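Novice: Residue numbers (our numbering), protein chains in the order written: chain S, 1 to 193; chain G, 1 to 646.
FYI, nobody ran anything at the bench for these hints, they're computed from the structure. Bear in mind the structure is a predicted one, so any value in this text is a computation, not a measurement. Treat the hints with caution; some may be incorrect.
Taking lysine-lysine pairs in the DSS-like style, the calculated list, with each CA pair at most 25 Å apart, reads [claimed, not checked]: (1) S:K73 - G:K269; (2) S:K73 - G:K530; (3) S:K73 - S:K165; (4) S:K65 - G:K553; (5) S:K65 - G:K201; (6) G:K533 - G:K561; (7) G:K485 - G:K416; (8) G:K201 - G:K269; (9) S:K65 - G:K530; (10) G:K416 - S:K65; (11) G:K533 - S:K65; (12) G:K269 - S:K65; (13) G:K201 - G:K312; (14) G:K72 - G:K450.
Chain S residues, not near chain G, derived (Cβ > 10 Å throughout) [to be verified]: (15) Y69; (16) L91; (17) I121; (18) G131; (19) P140; (20) P143; (21) I144; (22) V146; (23) G178; (24) F181; (25) L182; (26) S185.
Heads up, the beta-carbon is just placed ideally off N, CA and C, and yes, glycines get one too.
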Amino acid sequence: MRENMMNKKERLQTIIAALILIGVFLFPIWKIDLQAPQYPEGIGLRIWVNQITGFNEFDLNNINKLNHYIGMKEIVPSSIPELKIMPYIVLFLIAFGILVSILKNKRFLTIWLSLIIILMIAGLYDFYIWGYDYGHNLNPNAPIKVPGMSYQPPLLGSKQLLNMKSISLPDIGSYFIGISFLLGSYVLFNKKK
Amino acid sequence: MSTKQKARFIISIFFIALIYSCSGNNGKPGTSDAAEKVYVAPGEYDEFYAFMSGGFSGQITVYGLPSGRLFKIIPIFAQHPENGYGYTPETKPMLQTSYGEIPWDDAHHPELSQTDGTPDGRWIFINANNTPRVARVNLSTFETEEIIEIPNSAGNHGSPFITMNTEYVVASTRFSVPIPQKDVPISSYKENFKGTISFIKVNPENGRMNIEFQILVPGFNYDLAHAGKGPSHGWAFFTSYNSEQANTLLEINASQNDKDFIAAINWKKAEEYIKEGKGKKYNSEYYHNIYNDETHTATSNVEKEILVLDPKDCPGLIYYLPTPKSPHGVDVDPSGEYIVAGGKLATVIPVHSFSKMIKAIENKEFISEIFGIPVLKYESVIAGEVEDPGLGPLHTEFDGNGYAYTSAFISSEIVKWKLGTWEVVDRIPTYYSIGHLMIPGGDSKTPFGKYVVALNKITKDRYLPTGPELCQSAQLIDISGDKMKLLLDFPTIGEPHYAQGIPAEILMKGQKKIYELGKNNHKYGLRSEKDAKVEKNGNDVHIYMSTTRTHFKPDNIEGIKIGDKVYFHITNLEQDWDIPHGFAVKGMNTAELLIMPGQTRTAIWEPKSEGVYPFYCTDFCSALHQEMQGYVRVSAKNSSNELKYN
Ligand SMILES: [Cu+2]
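Required output: the full structure, derived from the provided sequences and hints.
Specialist: In structure tokens form, the structure reads like this:
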């Protein structure tokens, strides 16, 4: 029973791990960049915990303009429910982490870390569904129709979509989740006293 | 051709022949060395922007140096069918004057704004010679933002030269006229005719101009100007000719005096006199047109008054520097000490010294007084004379390394000479009849050197012939070594009268890429496609139309009747750099529109016969550009067709 209890240092580390998640509010979690000859200055999306923005100021607008040729739905951040829920999930994780530190019990730390993994997998799955929907549910009257073509962005990595190379990667916000998770795991598995 | 022009032409032909006979292959660089120096590889940038006046085209043209490639024509004093400037209600006010709408002019001297005597890339100013005006172009948008008319002026030639920190833009009148204008015999020139020199204040925040004061000057012809810098900051210098005050056959009658004058004006002193209340208010109506890039619309304001200083009431305001003979250009060297005059008919280039001038003023070394203005003793103010400077020396620019370069019109050449020793060190022929010349920053405290551009009036055998009218041209000459080297010829639009050059990097940082839709406050602008609509108000039909790749909204409009005046207010909803859309209707009597991202422009159309009229996008905007079109149905005046659209 005793080895399940955290010492002072471990509790502090757990609090830090929880607070690192605040970074998720400060930086985008994911990025989708598009490369095409006509966009030497770069064009892309940044997905934040509560919004979607362009890499350049007006990129979202411009990507919607480009997407209308292939019949893709307009990306309207205010109508995406995930962007409303996600901030609360992260806040919950931060609160839970602090609570773990207060309760001192490493079992709760295990639950916390498992929650992060589950939520991340769920998030990625949701992102996949989102990409699938945007890439496949095309307006049947779109001006450009390429037989057999869908425009689902890659979940991770890069993919050529007609004239655009689409690159999808975690952004700085995700690194905070990773660091938080690693620090939590360190507290859990570090045996040295 | 006037007799004078004929004489000039014969002389210049004679000299061309002379140059040809002794220079051999000089006019053909033809070497890979020159080609390499002007070659800008695909995708790479030119080192300098060159802004050239369009002369009688009334515009500014923008070129890259060293490539000589044309980038853009900026419409200023003339209508421009390419983008509808001067045709649309948003831009028509820019061409308003107290004489009504004037859709053309003769634009001569582009002048970049400066901070501490160095071009800063914020604005460029240019004069309208015929109907006196000064315009300001914003260099983040390359659009004309302001045009101010200069009252009590005629032939706005010595303009718009600027002071070291763009405190003022100056403008002197070439033709003296009765002030205020009145019906008098022309032969009463000496009693009734006066000149003016205007000081236009420039707001350092937004560039806004206002004519702070005018100075009433004797009825000579005022030609060119330059402001002092460094030690001579606070002074501005103006050449004058026809000190004889002749009013007929000036070619002879204005060429009698051995010396005419450079007027040295102490504008800091003028400011003091204004503060003391020495200025008199004159009634004179003049237009001040301002373009706002949030309403995307220009407005004309009519000013009614102007403050005028009379040198008689203002001792120490002006001094005359005697200068041989019918001086044309007046140029101040980078140190601000030397004032170089170009005398059309002079055989030497006289160079005045600013410090000697101040000393001569202190010692009252005056030889006479004209209309209350002291004339300084030539010998007391002259720093030196450049001997054998070519025939018809006109203008001088500086390389910042102690050398001056003077254009010689009659002998068609550029002559390089050394400041201080006044000796000619090099000369190179130009093809042909050079007027101004330009070194990037060459009239500033900090010349960027490297090149001199010759701005030539005649091209004769230099290009493929194009009928009686041949192109005018510029020539790029390398001045980085001891010997000047011709690198490139390139044709220009209109008359490349004068030009200014600036390192590209200074301008590139500040370029605007789009107009933000969120800031579009045009009266008929749209923020989104949902707001597109048509409203009828008596016989006026206002169509609030949007464009985006690759459709108009609405694209079918019915219920227009003969006798209606149709306003297409078109907002380009794009927010992407370099995605303008165009607009034109069949049979439209004005111009097409070219609408920048986030901008609103209006086309006015008054259909005259029944039918269905197509409209379309004129700028190839993307893959489905050819589908970007629509129809307007026009019915008889008494038709019962209702207004509808989609
Ligand atoms: Cu178009």
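Novice: Which numbered hints turn out to be false for this structure?
Specialist: 1, 5, 10, 12, 15, 20, 21
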